[in-house]
Amino acid sequence: MDKLQINEIIWQVVSSIPKGRVATYGQVAKLAGCPNHARYVGTTLKNLPNDSRLPWHRVINAKGEISFTLNSDAYQKQQLLLEAEGIIFKSAKISLKDYLWRL
DNA sequence: GTTGTGACTACCA
DNA sequence: ATGGTAGCCACAA
Numbered sequence: 001m002d003k004l005q006i007n008e009i010i011w012q013v014v015s016s017i018p019k020g021r022v023a024t025y026g027q028v029a030k031l032a033g034c035p036n037h038a039r040y041v042g043t044t045l046k047n048l049p050n051d052s053r054l055p056w057h058r059v060i061n062a063k064g065e066i067s068f069t070l071n072s073d074a075y076q077k078q079q080l081l082l083e084a085e086g087i088i089f090k091s092a093k094i095s096l097k098d099y100l101w102r103l
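Counting along the first sequence from 1, when you hit position 18 you're at 18 in our numbering, and nothing is skipped either side.
Please note: incorrect hints may appear among the correct ones.
To be verified - DEER-style ranges, computed between Cβ atoms:
#: 1; residue 1: 73; residue 2: 26; range: 19 to 27 Å
#: 2; residue 1: 73; residue 2: 103; range: 16 to 24 Å
#: 3; residue 1: 39; residue 2: 70; range: 19 to 27 Å
#: 4; residue 1: 81; residue 2: 43; range: 14 to 22 Å
#: 5; residue 1: 93; residue 2: 35; range: 26 to 34 Å
#: 6; residue 1: 5; residue 2: 92; range: 40 to 48 Å
#: 7; residue 1: 92; residue 2: 8; range: 17 to 25 Å
#: 8; residue 1: 1; residue 2: 26; range: 15 to 23 Å
#: 9; residue 1: 20; residue 2: 92; range: 17 to 25 Å
#: 10; residue 1: 51; residue 2: 98; range: 12 to 20 Å
Said to hold, decoys possible - PhoX-like mimics (lysine-lysine), calculated; alpha carbons at most 20 Å apart, straight line:
#: 11; residue 1: 63; residue 2: 90
#: 12; residue 1: 93; residue 2: 30
#: 13; residue 1: 93; residue 2: 63
#: 14; residue 1: 63; residue 2: 30
#: 15; residue 1: 77; residue 2: 19
#: 16; residue 1: 19; residue 2: 90
#: 17; residue 1: 46; residue 2: 30
#: 18; residue 1: 77; residue 2: 90
#: 19; residue 1: 63; residue 2: 97
#: 20; residue 1: 46; residue 2: 3
#: 21; residue 1: 97; residue 2: 19
#: 22; residue 1: 77; residue 2: 46
#: 23; residue 1: 19; residue 2: 3
#: 24; residue 1: 3; residue 2: 30
Bear in mind the hints are in silico, worked out from the structure with no lab data behind them. By construction, the Cβ of each residue, glycine as well, lies at the ideal position given by its N, Cα and C atoms.
Start from the sequences and build out the full structure, keeping to the hints where you can.
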């Protein structure tokens with residue numbers, strides 16, 4: 001299993017996250033058949049071209065937060081994309097964890 | 001080969 | 001609940 005295939009699987013898993021739901025890096029790694037590679041998922045997403053159609057914004061960390069430094073422009077961009085899908089987590093009662101992708 | 005780094009996690013105090 | 005820490009592992013320099 002070479003790494004190009006791993007990337008393809010990761011892309012496939014990410015693209016299969018239902019709209020309006022989110023998944024953690026660990027979750028994606030696991031579904032891709034690579035437990036303990038949560039970090040690699042992040043690196044992979046980082047390498048994505050800007051015009052990629054992949055819903056990378058639906059991938060968050062295990063704490064149920066966006067994995068960018070708070071209020072960085074990348075952070076705000078992701079938050080915007082999420083809100084565009086109806087994922088609002090600024091509310092006191094609702095956090096990103098409430099949108100976790102469950103099978 | 002070695003070292004440092006990171007869009008991560010699970011534990012533990 | 002919260003912060004620190006130790007695993008984790010691919011990748012680039």
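Going back to the hint list, which numbers does this structure go against?
2, 7, 10, 12, 23
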